[in-house]
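Asker: Protein chains in written order, with my numbering: chain A, 1 to 405; chain B, 1 to 405.
Honestly, the hints are just simulated from the structure, not real lab data. None of these values were measured; they are calculated from a predicted model. For glycine and all other residues, C-beta sits at the position ideal for the given N, C-alpha and C. Each hint should be verified, as a subset may be incorrect.
As the list claims (entries may be wrong) - Here are the in silico distance ranges between beta carbons for each label pair: (1) Glu56/A x Glu120/B: 40 to 50 angstroms; (2) Pro59/A x Glu127/B: 18 to 28 angstroms; (3) Glu126/A x Glu243/B: 25 to 35 angstroms; (4) Gly274/A x Gln24/B: 24 to 34 angstroms; (5) Gln24/A x Glu120/B: 42 to 52 angstroms; (6) Glu56/A x Thr118/B: 31 to 41 angstroms; (7) Leu60/A x Glu17/B: 55 to 65 angstroms.
To be verified - Cut-off 25 angstroms, straight-line C-alpha distance, at most; resulting in silico cross-link-like pairs (SDA-like, lysine to any residue): (8) Lys27/B x Glu120/A; (9) Lys103/B x Glu120/A; (10) Lys123/B x Pro101/B.
Protein chains: 2
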Amino acid sequence: MSRIVMKFGGTSVADLERIKIVAQRVKKEADAGNQVSVFVSAMAGTTDQLVRWVEEISPLHDAREYDTVVSAGEQITAGLLALTLQDMGIPARSWLGWQIPFKTNQVHSAARIEEIGTDEIIKRMEEGIVCVMAGFQGISADNRITTLGRGGTDTSAVALAAAINADRCDIYTDVDGVYTSDPRIVKQARKLDKITYEEMLEMASLGAKVLQTRSVAMAMNHKVRVQVLSSFTDKPGTMVVDEDEIVEKQVVSGIAYAKNEAQITIVGVVNEPGIASNIFLLLADGNINVDMIIQNETEDGRKTDLTFTVTDVDLDKTTSILKGANDIQFDSLLTDINVVKISVIGVGMRSHAGVAATMFKTLAEKGINIQVISTSEIKISVLINSEYTELAVRALHTAYGLDAE
Amino acid sequence: MSRIVMKFGGTSVADLERIKIVAQRVKKEADAGNQVSVFVSAMAGTTDQLVRWVEEISPLHDAREYDTVVSAGEQITAGLLALTLQDMGIPARSWLGWQIPFKTNQVHSAARIEEIGTDEIIKRMEEGIVCVMAGFQGISADNRITTLGRGGTDTSAVALAAAINADRCDIYTDVDGVYTSDPRIVKQARKLDKITYEEMLEMASLGAKVLQTRSVAMAMNHKVRVQVLSSFTDKPGTMVVDEDEIVEKQVVSGIAYAKNEAQITIVGVVNEPGIASNIFLLLADGNINVDMIIQNETEDGRKTDLTFTVTDVDLDKTTSILKGANDIQFDSLLTDINVVKISVIGVGMRSHAGVAATMFKTLAEKGINIQVISTSEIKISVLINSEYTELAVRALHTAYGLDAE
Chain A
1 MSRIVMKFGG
11 TSVADLERIK
21 IVAQRVKKEA
31 DAGNQVSVFV
41 SAMAGTTDQL
51 VRWVEEISPL
61 HDAREYDTVV
71 SAGEQITAGL
81 LALTLQDMGI
91 PARSWLGWQI
101 PFKTNQVHSA
111 ARIEEIGTDE
121 IIKRMEEGIV
131 CVMAGFQGIS
141 ADNRITTLGR
151 GGTDTSAVAL
161 AAAINADRCD
171 IYTDVDGVYT
181 SDPRIVKQAR
191 KLDKITYEEM
201 LEMASLGAKV
211 LQTRSVAMAM
221 NHKVRVQVLS
231 SFTDKPGTMV
241 VDEDEIVEKQ
251 VVSGIAYAKN
261 EAQITIVGVV
271 NEPGIASNIF
281 LLLADGNINV
291 DMIIQNETED
301 GRKTDLTFTV
311 TDVDLDKTTS
321 ILKGANDIQF
331 DSLLTDINVV
341 KISVIGVGMR
351 SHAGVAATMF
361 KTLAEKGINI
371 QVISTSEIKI
381 SVLINSEYTE
391 LAVRALHTAY
401 GLDAE
Chain B
1 MSRIVMKFGG
11 TSVADLERIK
21 IVAQRVKKEA
31 DAGNQVSVFV
41 SAMAGTTDQL
51 VRWVEEISPL
61 HDAREYDTVV
71 SAGEQITAGL
81 LALTLQDMGI
91 PARSWLGWQI
101 PFKTNQVHSA
111 ARIEEIGTDE
121 IIKRMEEGIV
131 CVMAGFQGIS
141 ADNRITTLGR
151 GGTDTSAVAL
161 AAAINADRCD
171 IYTDVDGVYT
181 SDPRIVKQAR
191 KLDKITYEEM
201 LEMASLGAKV
211 LQTRSVAMAM
221 NHKVRVQVLS
231 SFTDKPGTMV
241 VDEDEIVEKQ
251 VVSGIAYAKN
261 EAQITIVGVV
271 NEPGIASNIF
281 LLLADGNINV
291 DMIIQNETED
301 GRKTDLTFTV
311 TDVDLDKTTS
321 ILKGANDIQF
331 DSLLTDINVV
341 KISVIGVGMR
351 SHAGVAATMF
361 KTLAEKGINI
371 QVISTSEIKI
381 SVLINSEYTE
391 LAVRALHTAY
401 GLDAE
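With the hints as constraints, model all of the structure from the sequences given.
Answerer: Written out as structure tokens, the structure is:
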């Protein structure tokens, strides 16, 4: 007997037929004698419709009312899944965020979980009832509905799994696991049986959309064993686990890429103490998230060029902030949106030399020019011209020995 | 300064444009210095969609889950209207049934209101905030969402109006008031400025769909001044008030008709004590609502014919119950669905003789045969062949002096 939390995303519950398939998967776990809790997202498209309505009414909307409106989507799915399970003879009932209760702070639309009431859920699971819960939502101290931000149902599921000490948190999605790279680009990409939290975290923040970044961080902190798997096939998925569980660590576990990058170079900034800090504080005030940064000194040392990347949607805002800033002097701005960030990820690189060298050599051999480099303990990222995306990803996949046999 | 509860039905909030029109009407009341609470239904079509999903999953569904699913519709509208008001500069916020709280018993899908928490709503109204509330829903003692049954938002509004001692409860709908008869049939029908609770109650239960029957009964019990008016025009509506408020009482206030009737005659029932009781208890067990009843003795007195009406959708079920009952002996069953119930309603008929005589004479003059008659203190109903519906309604409208000049 295990205690399992299952989570099904919007495409998995897109219509009544798919909800029935989901119910079959839940039934299988329940029939095996497991204690089962299930989190559901809104039916695919529902949240988008609700968000569109809110934004059409009021671009600068009250986030409390936004949360009231959009949380209705998960409410509907939770009820429908509970009914489907009941119709199959499985004792089940639904809980909304405020009924659990899933207590959060008052930062509406991006609320953080503070405390989860687990007594009733645990009692019901022990009685053999499948607890179906509306994901993505909670309740604040002033009795209003909050939401956790888009993709928040992953976080709901992992948080409950941590709170009730679940043996496993299964995240059902439309892909069947985590791959060494994007299978649409790399035909030889392999599904990983296991991946570490740290690697998954890097992958998630680098654009591999299988798990919400925040849910991975939470799983890592609470050592929740997360499985990513498909609701459309019966194959086992990828387990996201602690490093200790992986005996033979790969030096490199995966190659990720993110196309939504834009590169900005501020040419000829006066090189004086505090100038970089001034610039990036200004951008932070404008809610611009800066990713990679490099600074090159010019020949005479009096001026410098500062290069950094932002997401492409923020490019125009970033340049207009910089041009409008009176206290920042520079010669010119260069921008480039034809760039892609390619990342090589692996916990094994901590103890292996030469990982970066292999990357640079591989790219050089293909004649690919590296524009920016940034590294972390378990990741090396480079910015290159986006024309070379597929070529670079495939070459690196082969170079690090990731290709399936 | 008045305290006003406003209610807008599904067609009034069918899309964002209509929600804006609703917001304008609310703004007008708020700008006039009134304390305003607003109840909204789900956007037209939403509840039907949700109900369809539930019934498709499970015809014999758990009413608790049904309530969770369908109450989402009002939740969405409440949030959207609050946002629209805010965008127009009106301080507003939404409350769901469980937040008010709108406490009900545990009879899901047909819950009865037990207690309404009014402290916060009154406080907020006094602060000048428009309280937008999801209609049709409440919360049971075990913390689950309940609903009041279709059309329940009328009841929500009247119940709150009673609880907060509102000066008026304005029910906005797609007709501009209560008419002396259906304007689609009777061109000379007049809108009534005022109508008594009792008359409105008869009209509502006789198929005039402007107000949910239960909400009228509640308004009558708590002396809530209800106004029925259109959200699409600026005309004043019809006030539903206590008899005392109407100085010059009409003998007859309106002519109603209900086409969804079916007539059944049980021919040749053995005439012994308790037989009628046996038959109608059996039908009650089958959840059949019997309306008009007459019993004729046959010549020899040993057998009798029993005639009654049910709603047309219940006809087949009724005949199969009767045919399957071993302890009820009869010669044959006659059924007729080509019937209509025509009713003449008016509190004035209590003190006026001859109202029934006028009805029978008018119908006789047009050659219309009366099949069944039933009367109450303020109503006379007859069952006739449905071919004569328009003719009968128009003739009676004229006979009782209701035609507009």
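Asker: Now, for every hint given, state plainly whether the structure supports it.
Answerer: Going down the list of hints, with the structure as the test:
Separation of Glu56/A from Glu120/B is about 30 angstroms and departs from the stated range, judged on CB atoms against 40 to 50 angstroms. A hinted range of 18 to 28 angstroms holds for the C-beta pair Pro59/A and Glu127/B, which are about 26 angstroms apart. Range check, Glu126/A to Glu243/B: Cβ separation about 59 angstroms, and the 25 to 35 angstroms hint is violated. As the Cβ distance of Gly274/A to Gln24/B is approximately 53 angstroms, the hint placing it in 24 to 34 angstroms is violated.
The supplied range of 42 to 52 angstroms is met by Gln24/A and Glu120/B, whose beta-carbon atoms lie about 44 angstroms from each other. As the Cβ distance of Glu56/A to Thr118/B is approximately 33 angstroms, the hint placing it in 31 to 41 angstroms holds. Separation of Leu60/A from Glu17/B is about 20 angstroms and departs from the stated range, judged on CB atoms against 55 to 65 angstroms. Between Lys27/B and Glu120/A, the direct Cα distance comes to roughly 43 angstroms. Violation of the 25 angstroms bound is thereby established for this hinted pair.
Taking the CA atoms of Lys103/B and Glu120/A, the gap is about 21 angstroms. The hint holds against a cut of 25 angstroms. As the CA atoms of Lys123/B and Pro101/B are separated by approximately 14 angstroms, the hinted pair is consistent with the 25 angstroms bound.
The structure fails hints 1, 3, 4, 7 and 8 (numbered hints given earlier, in ascending order).
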